[in-house]
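S.K.: Start counting the sequence shown at 1; every next residue gets the next number (full-length UniProt numbering).
The reader is advised that the hints may include incorrect statements.
[As the list claims (entries may be wrong)] Straight-line Cα separation of at most 25 Å, SDA-like style, residue types lysine to any residue; simulated pairs:
(1) K143 / V256
(2) K246 / I70
(3) K143 / L243
(4) K143 / K160
(5) K273 / P81
(6) K172 / T196
Source of the hints: derived by calculation from the structure; they are not laboratory data.
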Amino acid sequence: MASTSSNHVVHTNGKIYVEKDIDKTPPILTDPREQTFTSVDETQVSPRGECDLHNLYSRCEKSPGHPDFIPFTSLTLRHLPEGHRNRHLYKLIKTVGGLTARVAVQMTSPDRPECWPGTNHAYPFFQQNLSTALRTGTGLVSKVDRFTDGANRYHGQHWKSLTNCWCSHCEKSGSPSSVWYEFELYTAAHLIFDDTEARCASLRLFHDRDDSPEVIVDRLVVDHADVDKDWCRLKCVTCDKSLGEKLERLRENFYVAWDRVNELYKGIRDVVKLTFIVSHPHGCFKHVSFGSWVNLVQKDDDELDRKFTYTTPTCLGSSGASVQCVGFSVWGWDQLVHSGSLKPKLNYSGVGFLW
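Generate the whole structure from the sequences, applying the supplied hints.
M.R.: See below:
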């Protein structure tokens, strides 16, 4: 267990870090997409649909056999990197995993740009207008709200003044539920670009094993998308009480675990540089990977608009996954999403508001 003294000395599992040892020299200050080498997104494309995902997993060229990916249900304290095997970090990883969803989309918007903003690098899936080939990635559930007759628990009215559930089941029903749950999910804008794509997208929650029950949410709308920063916030809806309550509990547990881990690591984050990702490689069940962030990249003139490069292993299907750079505060806790790969062992995130 770590503790911080007035001299800014931090102990974690027998290792001692002193704040004066931290290298505060800014690393690179340019966008990874502006580098001379080519960056690629990590969306999994499966023209043959769900039936081919396991085959794509087994034929992976980036990480044959996936030796650095730990199946989520197999994760124990022993899997955590040496020096970081504490119960607080373990709980955070488990709650992040619980909130991690597989994102699937079967439409490509005709409004996708030809290039990434401000570059001459091709934007993913441009000129594949209206393609229905299955694409998969990853996202993280954020804020969860319960509504009753159009009011949330704080008596705030629904953002669209709705009084009944708008999920796909209720939309077809003659008696839509008056109690429902809405939640936000962060993913990459290059995975779900706009509402044209969101209307043909779905989430699979709790896909922890090959034989996990299918928990599908298939009513999504884009609340906000930033192509340049490469993040997208979706609003999702369900009137399944057990699902809504489970997401509420996970989110509450996440806040508690995140606060504790942030307290332990914020003084040593630039020394340990610990980063972890929970994702759905190749659209299959979720895995955990660990690594280190390499560079903190400032975006334009806003010193808090930042992105990271990191060694944490990722694969096709990891696009949009939450990138947890331990010890950093992120506005909303979860805006930093996996954007792509620069070379086999160096990946990069979208832009988040960090301090």
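S.K.: Looking back at the numbered hints, which does the structure fail to meet, lowest number first?
M.R.: none
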